[in-house]
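Number of protein chains: 2
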Amino acid sequence: MNIGILGGGQLAQMLALAGIPLGLRFTVLDPAEQAPAGAAAHVLRASFDDAAALDRLAARSDVISLDFENVPVAAVERLAAQRPVRPGALALATSQDRLAEKTLCHRLGLPTAPFAPVDSAAELAGAAAELGTPALAKTRRFGYDGKGQYRLTHPDEAGAAWEALGGQPLILEGWVPFDFEVSLLAVRRVNGEQRFYPLSENRHHGGILRCSRAPFDDPELQRQAQRYAGALLEALDYVGVLAIEFFVQAGRLLVNELAPRVHNSGHWTIEGAQTSQFENHLRAICDLPLGSTEPRGHAAMVNLIGEEPPLAQLAALPELHIHRYGKSARPGRKLGHVTVTAASAAEREARLAPLARLCEADLPASSLGLPDPTASR
Amino acid sequence: MNIGILGGGQLAQMLALAGIPLGLRFTVLDPAEQAPAGAAAHVLRASFDDAAALDRLAARSDVISLDFENVPVAAVERLAAQRPVRPGALALATSQDRLAEKTLCHRLGLPTAPFAPVDSAAELAGAAAELGTPALAKTRRFGYDGKGQYRLTHPDEAGAAWEALGGQPLILEGWVPFDFEVSLLAVRRVNGEQRFYPLSENRHHGGILRCSRAPFDDPELQRQAQRYAGALLEALDYVGVLAIEFFVQAGRLLVNELAPRVHNSGHWTIEGAQTSQFENHLRAICDLPLGSTEPRGHAAMVNLIGEEPPLAQLAALPELHIHRYGKSARPGRKLGHVTVTAASAAEREARLAPLARLCEADLPASSLGLPDPTASR
Chain G
1 MNIGILGGGQ
11 LAQMLALAGI
21 PLGLRFTVLD
31 PAEQAPAGAA
41 AHVLRASFDD
51 AAALDRLAAR
61 SDVISLDFEN
71 VPVAAVERLA
81 AQRPVRPGAL
91 ALATSQDRLA
101 EKTLCHRLGL
111 PTAPFAPVDS
121 AAELAGAAAE
131 LGTPALAKTR
141 RFGYDGKGQY
151 RLTHPDEAGA
161 AWEALGGQPL
171 ILEGWVPFDF
181 EVSLLAVRRV
191 NGEQRFYPLS
201 ENRHHGGILR
211 CSRAPFDDPE
221 LQRQAQRYAG
231 ALLEALDYVG
241 VLAIEFFVQA
251 GRLLVNELAP
261 RVHNSGHWTI
271 EGAQTSQFEN
281 HLRAICDLPL
291 GSTEPRGHAA
301 MVNLIGEEPP
311 LAQLAALPEL
321 HIHRYGKSAR
331 PGRKLGHVTV
341 TAASAAEREA
351 RLAPLARLCE
361 ADLPASSLGL
371 PDPTASR
Chain L
1 MNIGILGGGQ
11 LAQMLALAGI
21 PLGLRFTVLD
31 PAEQAPAGAA
41 AHVLRASFDD
51 AAALDRLAAR
61 SDVISLDFEN
71 VPVAAVERLA
81 AQRPVRPGAL
91 ALATSQDRLA
101 EKTLCHRLGL
111 PTAPFAPVDS
121 AAELAGAAAE
131 LGTPALAKTR
141 RFGYDGKGQY
151 RLTHPDEAGA
161 AWEALGGQPL
171 ILEGWVPFDF
181 EVSLLAVRRV
191 NGEQRFYPLS
201 ENRHHGGILR
211 CSRAPFDDPE
221 LQRQAQRYAG
231 ALLEALDYVG
241 VLAIEFFVQA
251 GRLLVNELAP
261 RVHNSGHWTI
271 EGAQTSQFEN
281 HLRAICDLPL
291 GSTEPRGHAA
301 MVNLIGEEPP
311 LAQLAALPEL
321 HIHRYGKSAR
331 PGRKLGHVTV
341 TAASAAEREA
351 RLAPLARLCE
361 ADLPASSLGL
371 PDPTASR
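Protein chains in written order, with my numbering: chain G, 1 to 377; chain L, 1 to 377.
Do not rely on the hints blindly, as some may be mistaken.
Far from chain L, by Cβ distances over 12 angstroms, these chain G residues were calculated [what the hints assert, rightly or not]: (1) Phe26; (2) Ala59; (3) Arg60; (4) Phe68; (5) Val71; (6) Ala113; (7) Thr139; (8) Ala160; (9) Glu181; (10) Phe196; (11) Glu201; (12) Glu279; (13) Gly297; (14) Ala315.
Covered stretches of chain G, going by a simulated chain L footprint (3 or more residues, C-beta under 8 angstroms) [said to hold, decoys possible]: (15) 281-289; (16) 326-334.
Simulated restraints on C-beta separations [said to hold, decoys possible]: (17) G:Glu234 with L:Ala343: 26 to 36 angstroms; (18) L:Ser344 with G:Arg227: 26 to 36 angstroms; (19) G:Thr103 with L:Ala312: 46 to 56 angstroms; (20) L:Ala353 with G:Glu234: 28 to 38 angstroms; (21) G:Ser366 with L:His204: 29 to 39 angstroms; (22) L:Glu234 with G:Asp55: 51 to 61 angstroms; (23) L:Ala312 with G:Glu234: 20 to 30 angstroms; (24) L:Arg56 with G:Pro169: 53 to 63 angstroms; (25) L:Ala353 with G:Ala346: 28 to 38 angstroms; (26) L:Ala51 with G:Ser47: 34 to 44 angstroms; (27) G:Ala346 with L:Ala343: 44 to 54 angstroms; (28) G:Pro219 with L:Glu294: 45 to 55 angstroms; (29) G:Ala346 with L:Ser344: 15 to 25 angstroms.
Quick caveat, the hints were computed from the structure, so don't treat them as lab data.
Where is the CB? At the ideal position from N, CA and C, for every residue including glycine.
Isolated chain G, as found in the complex (with noise of 0.2 angstroms):
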């Protein structure tokens, strides 16, 4: 079966890998020069409006799926029109928009922050007044890695942060005090099956992921993020795997943001659990029953960001699993990641205690949620 792919990243150099042993052939459409997956997939190196290219990779695949959300609606109609695309148009239009996924949560009954839809500094101003400052203000579309927004402290600030973010229609999302950030990895077939992974925790530095620990175990919050999530799959009809960020507040759990696709929060999942997520999502999209996702021990993975320690340092770490992207070094690129696995959260903890010291010389050790190694004890 021949899979082809929306964009040739990390995330597509990991779908093949996962793909191949299952027999799985891959094509993926990129503009860029050295695509990632080119290392393991047919490369059409291609704007992703350029209708001749996409009709290429329709013709070279069974099905179609992207490996990040922001790719034209209008492509992936081109290509819905020729071969099923999943997750579909709905999912993909749904999470490009801040405020089409707000209003999607608020519509199914899903806690998030409160919010308002804003068109003008004028708006703005309203708004921040409304819901309170501190407050978020956020392009509504093709922000990532905490890119696209701006932090008012004041609603006499709304007419920087409306300049500053370009003028264009925004989101303003009311300050949630959380304790931490916890993800969840859904996954639903073309046939309507469903499965869940473990929550992971989440440690974010600069607005990137740093760290991801897994098993995260909360019966209570595990239940709730399912519920949560069924609901999604269910009013998206969505077939993959899809991520769901949450803040915990309190023992509750607030929706911030949904992504179509495998996501990085999931990447412990390659050692850590019996189906990686990759595999997964090419199971559902390719209607196969989907492999168990119970996980296998304990994990935590650590991106590497802006630079890469040298290989041979990076090897030499004891029972560390290493991803490395094949992409040039640039500061906040996200090159590769490292997962170490334990039997037990103490064993992974002491693992990642030299990682830390290996991967961010530059960062606070609580940035992976380690105990400050200078503190006095």
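Guided by the hints, dock chain L onto chain G, whose structure is given.
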């Protein structure tokens, strides 16, 4: 770093799938029309004695390895003049010739079946009289999966055996009434660092490996096997994974055969060990620190031979890891393998049973080492 591989079969495919996450990129040389490794490697389609193609492989590679041992030594020597070839020509020449292999074991004091070199029908008859019958006549070179063998039940059969095996140099091996077979995967890095995987217990049928279970927990046999493997690694100045098959006879090991490469009986390491044999082979030949060879629970690997069950049926079995090689079906051909993982040996056996029904419909359950379900209780 760029890796070249002589041979583009499933072993090269699994090397590439293990190496791409390390940032390695692969080129394989293979004469076949559809080399399985082509899914994850650049393919040079040429015969192994095509000097220009060998030079192209060298030019594209920083280090060169092989996915099967029956390549012309002259090809390896041509490559070795241009790039490091690991393991080297000595290991290859030794393992290509059963007599050289057995002679090396003898020199190192490693027990084997009794053997004698044979260069004519008359010598074969004499050796059979001396070693006793039954005895196995084997071609010295190019035998695999039980091919190139003749079982003599009486010295009188020497003429027929000599003719059946094509009148070429042979080795006669005395019959060993072994209890069962195990194999050891050993790995040695350029700098001499060595590691050993837990023993796996292997079941064959019709001369072909059907099932491997690991870890085979016998500390005394593990010690013996590692001592023997260490001696072989040093004697051959070996770099990479070396597979050693042993007969177990009343609590002692006899060396049966060496394979200078990753090995079918080590496929369980992909999910069943902290670092797979494929990744450790690559770490070894790239002179990187070796990864942990510790097991992750209990694993069993079953080969898919001759025909594959439908993917949807395999995918419906819980906790199963599927590896298809992308080869066309042919009787006796290894088309893929599946691995079950479990927290205990008992759980592993329970998971093997439905798999046996699916994969081995035409075979006795005993070929997987399972109790016969039709036997009276």
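Consistency of the hints with the structure:
The Cβ of Phe26 of chain G does not lie farther than 12 angstroms from every Cβ of chain L; its closest approach is about 8 angstroms, which violates its non-interface assignment. Annotated as non-interface, Ala59 of chain G keeps its C-beta farther than 12 angstroms from every C-beta of chain L; the closest such distance is 19 angstroms. For Arg60 of chain G, the non-interface assignment is confirmed: its Cβ lies about 14 angstroms from the closest Cβ of chain L, beyond the 12 angstroms cut-off. Distance to chain L confirms Phe68 of chain G as a non-interface residue, since its nearest Cβ pair spans about 20 angstroms, more than 12 angstroms.
Once the 12 angstroms rule is applied to beta carbons, Val71 of chain G is consistent with being away from chain L; the minimum gap is 24 angstroms. The claim that Ala113 of chain G is not at the interface with chain L holds, since no C-beta of that chain comes within 12 angstroms of its own (minimum 36 angstroms). Residue-level check passed: Thr139 of chain G sits 34 angstroms from the nearest beta carbon of chain L, beyond 12 angstroms. Its beta-carbon lying about 43 angstroms from the closest one in chain L, Ala160 of chain G satisfies the requirement of being farther than 12 angstroms from that chain.
At roughly 26 angstroms, the least C-beta separation between Glu181 of chain G and chain L is larger than 12 angstroms, which holds for a residue marked as non-interface. Distance check on Phe196 of chain G: its Cβ is at least 16 angstroms (rounded) from any Cβ of chain L, clearing the 12 angstroms threshold; non-interface status holds. Every CB of chain L lies more than 12 angstroms from the CB of Glu201 of chain G, the least distance being 22 angstroms, so the non-interface label holds. In this structure Glu279 of chain G is not separated from chain L by more than 12 angstroms, as the shortest Cβ-Cβ distance comes to only about 9 angstroms.
Under the 12 angstroms C-beta cut-off, the non-interface status given to Gly297 of chain G relative to chain L is violated; the minimum distance is some 8 angstroms. Some Cβ of chain L comes within 12 angstroms of the Cβ of Ala315 of chain G; the nearest lies about 4 angstroms off, and the non-interface call is violated. Counting residues of the stretch 281-289 of chain G whose CB lies closer than 8 angstroms to any CB of chain L gives 3, which reaches the minimum of 3, so the coverage claim holds. Residues of the stretch 326-334 of chain G with a Cβ under 8 angstroms from some Cβ of chain L number 1, which does not satisfy the need for three, so the listed coverage is violated.
At roughly 34 angstroms, the beta-carbon separation of Glu234 of chain G and Ala343 of chain L lies within the given 26 to 36 angstroms, and the hint holds. Distance hint for Ser344 of chain L and Arg227 of chain G: a CB-CB separation of about 33 angstroms, consistent with the stated range 26 to 36 angstroms. Against the hinted window of 46 to 56 angstroms, the Cβ-Cβ separation of Thr103 of chain G and Ala312 of chain L comes to about 38 angstroms, which falls outside the hint. For the pair Ala353 of chain L and Glu234 of chain G, the beta carbons lie near 36 angstroms from each other, so the given range of 28 to 38 angstroms is met.
Taking the beta carbon of each, Ser366 of chain G and His204 of chain L are about 55 angstroms apart, not inside 29 to 39 angstroms as hinted. For Glu234 of chain L and Asp55 of chain G, the hinted distance range of 51 to 61 angstroms is satisfied, since their beta carbons lie about 59 angstroms from each other. Checked against the given bound of 20 to 30 angstroms, the beta carbons of Ala312 of chain L and Glu234 of chain G, roughly 24 angstroms apart, stay inside it. Taking the beta carbon of each, Arg56 of chain L and Pro169 of chain G are about 55 angstroms apart, inside 53 to 63 angstroms as hinted.
Against the hinted window of 28 to 38 angstroms, the Cβ-Cβ separation of Ala353 of chain L and Ala346 of chain G comes to about 35 angstroms, which satisfies the hint. Separated by about 43 angstroms at the C-beta atoms, Ala51 of chain L and Ser47 of chain G satisfy the suggested range of 34 to 44 angstroms. Taken as a hint, the range 44 to 54 angstroms is violated for the pair Ala346 of chain G and Ala343 of chain L, whose Cβ atoms sit roughly 19 angstroms apart. Look at Pro219 of chain G against Glu294 of chain L: about 30 angstroms separates their beta carbons, and that is not inside 45 to 55 angstroms.
Between Ala346 of chain G and Ser344 of chain L the Cβ separation comes to about 22 angstroms, which falls inside the hinted range of 15 to 25 angstroms.
In this structure, the earlier hints numbered 1, 12, 13, 14, 16, 19, 21, 27, 28 are contradicted, and the remaining ones agree with it.
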